[in-house]
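Asks: The lines below spell out each chain.
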Amino acid sequence: MDRFPPELDFAVTDSQKETSALPITIRNLTKRYGPVFALNSVDLDVRSGEFLTLLGPSGSGKTTLLMAIAGFNRPDSGSIQFGGEEVILAPPHKREVGMVFQSYALFPHMSVADNIGFPLKLRGIGGTERISRIEEALETVQLSGFGERNIDQLSGGQRQRVALARAFVFGPRVLLMDEPLSALDKKLRERMQIELKHLHRKLGVTTVYVTHDQREALTMSDRIAVINDGELVQLDTPKRVYNRPANAFVADFIGESTMLPLTRNATGALTFRDQLVGEAGEGRDWTLVVRPERLFLADAAAETDERTIVLKGVLREAVFQGESEMVLVALDGDTELAVRIGTGGTANPAGGNIGGEVYIGIDRSDVIIIPGGRAQ
Amino acid sequence: MNWWSRPASDTQITHGGRLWLYTLAAIIMLLLVIPTLIVVPMSFSDSQYLEFPPSNWSLRWYEEYLGTAKWIRATATSVQVGLLTMLVATPLGVMAAYALFVSRHRATKAIFLLLITPMIVPVILIAIGTFYAYGRVGMNNTITGLVLAHSALALPIAIIVVTAGLRSYDLSQEQVARSLGANRIKAFFLITLPQIRFSVITAALLSFLTSFDEVIIAIFVSGGANATLTKHMFAALRDYIDPTIAAISTIMVILSSVLLLLTQFLGSKRGGNR
Amino acid sequence: MAGAAPLHEAALQRQHRREQWSILSLVVPAMIVIILIILIPLSWLFYLSFLGDDGGFSLENYHKMTQYKSYYRIFVTTFQVSILTTLACIALGYPLAFFLAQLPPKWAGIFMLAVLLPFWTSLLVRTYAWLVLLQKRGILNEFAVQIGLWETPIKLVHNMTGTLIGMAHIMLPFLVLPLYNAMRKIDGDLMHAAANLGASPVHAFWRVYFPLSLPGMVAGALIVFVLCLGFYVTPAVLGGGRVIMVSNHITAILENQFDWGAASALGVVLLVATTFTLYLAARFFRFDAVLFGRD
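In order, the protein sequences belong to chains A, B and C.
Each residue of the first sequence is one higher than the one before, counting from 1 in our numbering.
Each residue of the second sequence is one higher than the one before, counting from 1 in our numbering.
Each residue of the third sequence is one higher than the one before, counting from 1 in our numbering.
One thing to keep in mind: the hints can contain errors.
[Unchecked claim] Simulated pairs of lysine-lysine, DSS-like, Cα-Cα distance not exceeding 25 Å: (1) A:K186 to A:K239; (2) A:K121 to B:K186; (3) C:K155 to C:K136; (4) A:K186 to A:K197; (5) B:K186 to A:K94; (6) A:K94 to A:K121.
[Unchecked claim] Incomplete in silico selection of chain A near chain B, CB under 10 Å: (7) L89; (8) G98; (9) Q102; (10) H109; (11) A113; (12) R166; (13) A167; (14) P172.
For the record, the hints were derived by calculation from the structure and aren't laboratory data.
Ideal placement from N, C-alpha and C gives every residue a C-beta, glycine not left out.
Can you make the complete structure from the sequences, with help from the hints?
Replies: Right, here's the structure in full:
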């Protein structure tokens with residue numbers, strides 16, 4: 001287990017801050033493996049200096065996209081530009097990207113300092129300048145004094161930091177990370193998420209981060225690019241991706257949700273159980289997405305008003321989970337709603353009323369309506 | 001509970017109940033080791049008839065070996081051919097193993113199969129085949145011819161050993177090195193090679209040994225001043241039992257044992273690196 | 001973007017092809033060696049085997065094999081020696097591999113040296129050792145007479161007995177190594193489960209362990225068999241001219257009659273038999289696994 005420094009912020013020196021952040025412009029990027037599109041004409045703009053996460057299930061194409069930016073995966077066609085400069089034909093060693101792998105891929109036959117100094121050595125930076133830049137980088141990742149250590153003397157978290165230092169020490173144009181935290185245990189991972197975010201803010205380098213962990217993506221990113229089946233499904237801030245998912249896939253993949261099919265009433269408005277939910281848009285099928293934590297147990301008296309929708313159901317199960325209580329409510333037949341209720345003193349727990357009638361409410365501003373039918 | 005009545009395996013059979021297995025295994029291991037090592041004490045015998053245990057100890061067979069120009073020249077040839085084979089087979093094997101490991105080309109499987117044919121084809125066929133072909137181009141009895149043929153025998157072994165080394169190596173290290181600014185060749189020499197070095201050394205040792213111990217091809221394509229040690233030994237064995245062979249065999253056993261222990265040591269180091 | 005030409009498609013494809021070829025070019029030197037030493041000479045032998053006395057195409061070299069009794073005897077001897085050696089190796093190798101597989105890995109590594117040392121020692125040296133051990137005035141005979149196993153020294157070498165003893169010794173590691181490898185992979189929990197379900201140790205062994213070790217044993221046995229088919233040195237030395245296998249006969253044809261056609265034809269038959277056996281073997285295991293002891 002790592003020993004954590006008292007303060008969270010990484011100390012970033014001026015020479016590192018000079019790194020000019022470049023935008024990444026990706027156009028029509030396509031990669032096929034036989035009949036399967038790993039990337040299907042992907043367009044993506046990474047803003048200069050932003051922390052962008054590629055989020056998707058395994059096999060979605062997110063790693064293929066990252067490897068294409070790094071130059072390790074050659075797409076069939078398309079364009080990748082770093083600040084207006086076309087790099088798609090450039091070999092990896094000429095792209096000036098810092099890369100952090102899931103396995104860290106530290107060089108076990110070199111000391112910590114030699115690992116970090118490797119990119120400097122390749123650039124002909126030697127002598128005192130190399131030493132001082134290694135020192136600076138070590139300081140930045142809070143490993144001062146670790147330079148002479150061997151790799152196998154480091155803990156998982158320390159290895160992670162060395163890999164990170166090695167990736168930014170030479171002032172790369174962009175920083176790429178492929179699930180760098182997945183090998184760490186949960187506590188350390190959460191800690192490193194915040195540290196990485198701070199480091200990014202200090203370095204200001206354009207960063208593309210790959211993960212399949214939606215919570216990690218929500219925690220760290222400026223924006224999230226949700227990838228599925230080789231296509232960019234949604235590109236938005238974490239808040240908007242969570243609160244306004246573009247479709248059923250995003251709603252299902254990010255956060256917990258229950259999806260309920262909507263019907264149209266005579267005036268064309270969308271309803272659920274005869275309750276007006278929203279106005280009609282184009283298209284035939286619409287789905288109501290509800291997040292368990294946005295639902296609450298309501299009084300029967302407070303039947304649908306202007307601000308809340310209230311649904312009646314039967315309490316099936318109430319499970320205490322520590323910080324919250326998960327309540328399953330059967331609306332009727334096979335439709336079941338999950339409701340997450342706080343367990344604090346002001347909360348309104350369901351208690352032992354299993355089998356009894358309950359009312360659940362949702363604020364109209366928390367209603368999410370997405371096009372299409374139920375997610376598969 | 002003493003060792004005797006402790007369970008020896010998952011089926012709760014005790015060590016005592018396994019005694020027959022231990023005895024049998026011990027006998028078989030002795031049968032394997034004794035004939036390999038028996039030449040060592042016998043080589044120090046004073047007698048012409050290789051008794052065991054020798055009634056009188058002497059170094060006369062070693063003197064005989066060192067004093068015979070034929071043996072010394074043959075030993076020099078064998079060492080020379082062995083070293084040259086090592087120098088040819090090791091780099092070629094490393095290059096081939098790396099290429100086959102990294103490449104995703106469809107042809108890699110077929111190429112691998114081609115490269116291991118020397119393990120499949122009976123050596124006698126390689127021997128008479130090269131003998132015939134060399135006869136046509138005047139390469140019989142040459143060092144070059146023998147080195148080439150022995151390199152073919154050593155290549156599959158080198159390739160398999162190096163491939164095993166590459167399998168336990170994390171290729172993403174090479175990718176990192178390339179992203180950090182090293183081209184492919186630099187990344188290989190600075191990052192990959194130092195980490196598969198134990199496999200490469202093992203491959204080199206095995207290439208040497210393969211050549212040094214090889215008999216059949218040597219019988220056919222080596223000769224004259226360039227006859228190998230094994231060729232002379234084989235001839236001596238067919239005709240009469242020359243105790244000098246015991247001295248030479250002892251030297252060969254020691255060489256093999258040293259190389260074996262070296263690879264075992266390297267193997268444990270390689271394992272510890274993971 | 002429909003209708004727009006895919007960006008950089010041709011250049012990327014060119015680059016892809018160039019990279020693939022530059023990587024594959026690394027195998028070219030090794031391939032040249034194999035082609036020069038294996039493929040060309042073998043093709044040449046193949047061609048020679050179909051050459052008649054008049055220099056035209058002919059099957060007479062193959063026809064001879066079916067005609068002469070001497071060939072028949074050689075094939076019988078070859079198969080006899082190969083099968084007996086293989087059986088001896090199974091009988092000795094299975095208990096040894098089982099013993100090694102039951103040991104903790106550290107101890108197995110030490111005892112494994114007993115298998116690896118002979119494996120690494122020149123087969124010429126080992127053949128020589130057996131020649132010395134088995135001769136009339138050799139250690140084995142003297143020991144046997146001393147403890148009264150037999151009364152006068154008997155002929156143990158320069159015959160089939162000596163050949164079989166020597167070959168079994170030389171081949172044993174080739175069976176033990178893949179078999180040990182297969183046994184190490186057998187999940188100990190399975191035997192445990194069998195024991196918990198009430199199977200006696202003997203029953204558990206035959207019903208659970210043995211079937212699981214069978215592929216390793218078959219693989220090792222096929223390797224031994226194939227190597228025996230092409231063996232030359234040991235029968236030549238320990239057989240004393242009385243055990244003539246295919247390889248020995250090929251050499252004899254060349255030494256005595258200088259008949260390349262006949263020698264080549266016999267070689268082709270040997271190669272076909274070897275390849276066929278290995279094809280069978282390949283269905284049971286990965287070929288490079290055989291060499292694991294040396295890697």
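Asks: Now tell me if each hint is right for this structure.
Replies: Verification of the supplied hints:
1. Of the supplied pair hints, the one linking K186 (chain A) and K239 (chain A) holds, its CA atoms being roughly 23 Å apart against a limit of 25 Å.
2. For the suggested pair K121 (chain A) and K186 (chain B), the alpha carbons sit about 12 Å apart, so the restraint of at most 25 Å is met.
3. Proximity of K155 (chain C) to K136 (chain C) is assessed by CA-CA distance (about 6 Å); at most 25 Å being required, the pair is judged to hold.
4. In summary, the hint linking K186 (chain A) to K197 (chain A) is supported, as the alpha carbons are separated by about 17 Å, within the 25 Å threshold.
5. Restraint check for K186 (chain B) and K94 (chain A): the C-alpha separation of about 13 Å stays at or below 25 Å, so the hint holds.
6. For the proposed pair K94 (chain A) and K121 (chain A), the alpha carbon gap of about 15 Å is at most 25 Å, so the pair holds.
7. At about 15 Å, the closest approach between the beta carbon of L89 (chain A) and any beta carbon in chain B exceeds 10 Å, and the interface hint on this residue is violated.
8. At about 7 Å, the closest approach between the beta carbon of G98 (chain A) and any beta carbon in chain B falls short of 10 Å, and the interface hint on this residue holds.
9. With its C-beta approaching chain B no nearer than about 8 Å, Q102 (chain A) sits inside the 10 Å limit, and its interface hint holds.
10. Proximity of H109 (chain A) to chain B holds as hinted, the smallest CB-CB distance being about 5 Å (cut-off 10 Å).
11. The beta carbon of A113 (chain A) comes no nearer than 15 Å to any beta carbon in chain B, farther than 10 Å, and the hint placing it at the interface is violated.
12. Because the smallest distance between the Cβ of R166 (chain A) and any Cβ of chain B comes to about 7 Å, under 10 Å, the interface hint for this residue holds.
13. The beta carbon of A167 (chain A) is positioned within 10 Å of a beta carbon in chain B (closest approach about 8 Å), and the interface hint is therefore held.
14. At a threshold of 10 Å, the smallest CB-CB gap from P172 (chain A) to chain B is about 8 Å, leaving the interface hint in force.
The structure is inconsistent with the numbered hints 7 and 11, although it conforms to all the rest.
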